[in-house]
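Protein chains in written order, with this note's numbering: chain X, 1 to 352; chain Y, 1 to 352; chain H, 1 to 352.
Hint data in this document are derived by calculation from the structure and do not stem from the laboratory.
Be aware that a few hints might be false.
Because identical chains cannot be distinguished in the list, a pair is counted as satisfied if it fits within a single copy or across any two copies.
To be verified - Below, computed lysine to any residue pairings styled on SDA-like, alpha-carbon distance capped at 20 Å:
1. K189 - S241
2. K177 - G246
3. K154 - K247
4. K60 - P164
5. K60 - V184
6. K116 - A56
7. K232 - S287
8. K5 - P304
9. K5 - F327
10. K151 - D188
11. K247 - G288
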Amino acid sequence: MSKSKINVGNFFEDFKIGQIIRHAAPRTVTVGEVALYTALYLPRFAVQSSKAFAQAIGYKDAPIDDMLVFHLVLGKTVPDVSLNALANLGYADFKFLAPVYPGDTLDAVSEVIGLKENSNRETGVVYVRTTGKNQRGETVLSYARWVMVKKRDKDAAVGATVVPDLPKAVTPAELGKAVPAITVAAYDKALAGSPFFWGDYDVGEKIDHIDGMTVEEAEHMLATRLYQNNSKVHFNQYYESQGRFGKRIIYGGHVISMARALSFNGLENVFHISAVNGGKHVNPLFSGGTIFAWSEVLDKAEIPGRSDIGALRLRLVATKDKPCAEFPLNGADGKPDPAVLLDLDYWAVLPR
Amino acid sequence: MSKSKINVGNFFEDFKIGQIIRHAAPRTVTVGEVALYTALYLPRFAVQSSKAFAQAIGYKDAPIDDMLVFHLVLGKTVPDVSLNALANLGYADFKFLAPVYPGDTLDAVSEVIGLKENSNRETGVVYVRTTGKNQRGETVLSYARWVMVKKRDKDAAVGATVVPDLPKAVTPAELGKAVPAITVAAYDKALAGSPFFWGDYDVGEKIDHIDGMTVEEAEHMLATRLYQNNSKVHFNQYYESQGRFGKRIIYGGHVISMARALSFNGLENVFHISAVNGGKHVNPLFSGGTIFAWSEVLDKAEIPGRSDIGALRLRLVATKDKPCAEFPLNGADGKPDPAVLLDLDYWAVLPR
Amino acid sequence: MSKSKINVGNFFEDFKIGQIIRHAAPRTVTVGEVALYTALYLPRFAVQSSKAFAQAIGYKDAPIDDMLVFHLVLGKTVPDVSLNALANLGYADFKFLAPVYPGDTLDAVSEVIGLKENSNRETGVVYVRTTGKNQRGETVLSYARWVMVKKRDKDAAVGATVVPDLPKAVTPAELGKAVPAITVAAYDKALAGSPFFWGDYDVGEKIDHIDGMTVEEAEHMLATRLYQNNSKVHFNQYYESQGRFGKRIIYGGHVISMARALSFNGLENVFHISAVNGGKHVNPLFSGGTIFAWSEVLDKAEIPGRSDIGALRLRLVATKDKPCAEFPLNGADGKPDPAVLLDLDYWAVLPR
């Protein structure tokens with residue numbers, strides 16, 4: 001009887017094309033979350049750090065860090081979508097669409113947009129389109145994500161394969177939706193920490209962010225619980241000691257937030273992640289590892305209708321225990337450098 | 001001269017029947033405490049997690065988690081009541097009487113209601129009735145607690161034994177005082193994460209909450225400091241390395257909060273702990289242990305005058321490094337299973 | 001090209017007398033920071049802990065802990081002033097000048113007031129006057145600080161030596177500026193935790209604060225990131241494992257805050273640090289160490305024009321793994337006891 005009350009997560013054969021999942025645990029985001037996020041990663045972007053700075057340039061309040069919004073939305077989907085996932089395979093068409101401010105409440109809905117059983121019949125790929133909304137029902141974040149999920153029963157019948165057609169990159173016209181009109185004259189470069197605006201970055205430019213940050217068990221568990229992400233592998237040493245790696249695996253999003261915060265040194269005015277084109281967690285991270293990061297400007301774009309901000313398409317690479325002066329990515333054999341943790345392709349905006 | 005300025009805590013012979021102790025350190029509880037509590041335990045009950053959800057059903061704001069209120073009230077009593085305690089023996093007649101919201105300020109008063117010297121004359125049991133109040137003087141929490149306290153001087157004279165008559169359980173008529181009238185129709189089960197209301201639980205039903213959470217030193221110290229609980233055994237490795245266990249002992253309340261958060265999986269709509277009938281910290285927990293939990297429905301009750309909510313009397317058992325599929329409690333010899341940390345008997349409420 | 005976008009910090013020869021540095025990362029301080037500060041150190045001073053208590057005696061709200069204000073202001077200066085520092089040499093003329101409340105935004109400016117190359121020509125001492133301001137441009141904190149900074153190039157020419165004339169102590173007339181007029185009759189001694197006011201402390205009195213607190217890696221890193229202090233030695237085990245000590249060095253300010261919180265036991269009503277006359281980080285602290293503390297009343301002073309509060313000049317000494325019943329400071333050889341971490345000389349205020 002009690003079994004039926006427990007959420008053991010969905011298995012591949014439980015998902016149906018077109019299925020709508022309203023996720024549990026709506027969450028009010030406050031200055032409490034903001035302070036913890038600062039304590040976990042050391043972000044220093046002026047727009048998110050200072051209400052006075054944000055208001056001077058046109059925001060209603062200091063907006064919540066984009067990645068904190070993402071982690072909260074993703075966390076809600078875990079119990080329904082990825083509790084039985086073996087791997088997080090990818091993201092696409094990932095766009096921030098409205099700013100989130102302290103006091104806003106977030107909830108999330110996912111639609112199943114693709115299903116593809118693997119040939120071993122033991123797993124399959126589930127594609128969802130997840131939408132995060134605020135208390136007024138406005139969409140603040142929308143993304144497609146696909147994960148490899150176990151089947152409960154190898155012999156269970158599954159429907160026809162559907163693989164959604166997802167864009168390789170978000171187009172410039174879709175960027176900047178979460179950024180109000182910015183009064184660039186009021187943007188104080190000295191307070192923000194850098195004289196470099198959109199025009200100062202060149203395609204092909206690489207930046208070694210030089211700093212490194214070591215991660216402790218308590219830190220990543222605090223972070224992941226803050227996001228109400230209950231994926232078991234991050235928290236349960238009793239089980240993980242018997243598992244694949246013998247230790248807890250750090251939530252991949254922790255690496256993204258750390259790398260983003262490290263990227264302040266060189267990208268000080270790049271105050272908003274507007275969209276993610278794709279990304280890969282190349283290797284897992286464990287407690288005790290030190291994260292380093294580097295960036296490359298992949299592209300630049302004007303945003304139609306916006307003379308205040310411009311967009312940079314950036315690659316953000318994070319490594320473990322390896323400084324990035326030589327921009328590590330692939331080895332001589334063309335395979336990923338084993339020190340690489342993350343390879344993220346995103347659009348960010350900064351003043352013009 | 002300086003000695004007299006230092007609080008070394010009260011010893012058994014310092015307490016007098018009827019003595020009123022106003023505890024120090026009033027505390028304003030804010031969204032900062034709420035965020036940290038989330039990061040420490042991963043609670044996901046919608047009422048406490050979302051201001052929008054709470055307001056929709058009838059709260060003024062998202063209420064502060066009950067156990068956070070308890071930890072803050074208890075923390076205030078430690079310097080006066082239990083700094084020289086050898087054991088926390090029990091709780092009774094423990095009732096939440098008004099909701100606490102972000103911005104409220106809590107203080108606490110205790111009355112000594114019982115004293116009983118032990119036959120070895122080295123220790124005695126002190127019974128207090130502690131009352132937590134908000135800034136308007138309203139009682140938000142009231143409980144009786146008894147602890148074993150050292151004597152400063154074995155030969156010190158003590159008064160007559162007084163053992164208070166405490167109820168074995170809080171009665172249903174006393175429940176739900178901290179819950180405003182709930183608009184059940186506005187209670188969104190999908191957002192809350194479960195279709196099960198009061199009528200769906202049966203007496204005798206057992207629920208294995210399946211998830212487990214490992215505790216690190218930094219986490220339990222952050223928690224216990226957050227509660228301004230200055231009990232030495234939790235913080236001071238220099239002394240504890242020479243002590244009974246050779247290591248810091250985790251605050252028992254940390255286990256309660258963790259087990260309560262784990263119980264979300266199976267008790268998603270059980271949004272409020274209304275009263276505690278009794279409870280026991282069966283074994284101590286140390287850093288590195290993984291907490292699991294299970295629950296049993298001991299009783300069900302209607303609350304007089306309340307058609308919106310009903311009460312479940314629950315046993316909450318927490319274990320260390322032992323999954324709970326077999327509901328561990330006592331061994332074949334009738335003695336407590338050495339893996340059991342906590343055995344708590346409480347009344348909770350959920351929508352009908 | 002990218003090199004020029006990276007902040008590698010200033011070297012000795014980069015500083016010029018009279019140079020004004022506006023530091024990056026303005027920061028809104030909120031109840032989120034307050035809660036984390038409590039969780040990190042266990043302060044229990046009633047004025048900062050309770051909005052109701054603070055308002056009853058004359059504050060607009062519970063003020064932000066003085067040392068939290070200091071850490072935030074100092075943190076802003078690190079990327080410009082001390083990223084290439086080998087040692088933090090001293091502080092002088094350090095005064096809190098206005099209260100900071102949740103919601104205020106802090107930024108910081110420094111002026112270079114002294115420069116002195118060391119005889120080895122590899123390093124020099126940089127003196128700055130740093131001013132922390134709120135969003136209305138009011139100065140909340142002002143201090144002189146001097147640090148030993150590396151030269152980029154040993155052979156670089158430097159200007160003439162300028163050593164500023166700094167006062168040995170802040171005068172009583174300069175104290176209490178950050179404290180509004182206090183209604184002493186409304187100051188509830190029982191709630192604050194002690195009957196002792198200004199008149200109850202004697203010059204020469206020493207107080208052993210008896211409690212001790214062990215520090216974990218995750219804790220000091222959370223703290224230092226909360227302050228947006230990006231000094232590398234605190235965070236990067238990859239580099240520090242090859243460094244001087246083989247491990248991360250805990251931010252000296254973490255020790256100050258911990259010792260200040262420990263000093264509550266004996267200084268319960270000493271609710272505000274008004275000025276720092278000088279101070280020294282005698283030895284570094286590493287994770288796993290347990291901090292103890294003791295205080296000595298060095299002097300007492302009335303504050304001109306203030307009958308509500310009086311000032312105590314206090315020495316605050318923190319030790320590592322050494323209880324303070326014997327007030328450790330110097331060994332028999334006159335050299336600092338190797339267990340001593342901190343020797344701070346400050347003015348504090350309390351009700352009269």
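Here is how each hint holds up against the structure:
Within a single copy, K189 and S241 get their C-alpha atoms no closer than 49 Å, and across copies no closer than 36 Å, so neither meets the 20 Å cut-off. In the homo-oligomer, the alpha carbons of K177 and G246 never lie at most 20 Å apart, since the shortest distance is 43 Å inside one protomer and 47 Å across protomers. Proximity of K154 and K247 under a CA criterion of 20 Å is satisfied in neither setting, with 28 Å inside one chain copy and 47 Å between copies. With identical chains, the CA atoms of K60 and P164 are never at most 20 Å apart, being 37 Å at best within one copy and 44 Å at best between copies.
When the C-alpha separation of K60 and V184 is checked against a cutoff of 20 Å, the pair qualifies only within one copy, where the shortest distance is 16 Å, while the shortest distance between copies is 34 Å. Within a single copy, K116 and A56 get their C-alpha atoms no closer than 49 Å, and across copies no closer than 40 Å, so neither meets the 20 Å cut-off. Taking identical chains as interchangeable, the C-alpha atoms of K232 and S287 lie at most 20 Å apart whether they share a chain (16 Å) or sit on different chains (18 Å). Proximity of K5 to P304 under the C-alpha cut-off of 20 Å is found in neither arrangement, the shortest distances being 51 Å within a copy and 27 Å between copies.
In this assembly of identical chains, K5 and F327 lie within 20 Å of each other by CA distance solely across copies; the values are 16 Å between and 50 Å within a copy. In this assembly of identical chains, the alpha carbons of K151 and D188 never lie at most 20 Å apart, being 54 Å within a copy and 30 Å across copies at closest. In this homomeric assembly, K247 and G288 come within 20 Å of each other (Cα to Cα) both inside a single copy, at 11 Å, and across copies, at 12 Å.
In summary, the numbered hints that this structure violates are 1, 2, 3, 4, 6, 8 and 10.
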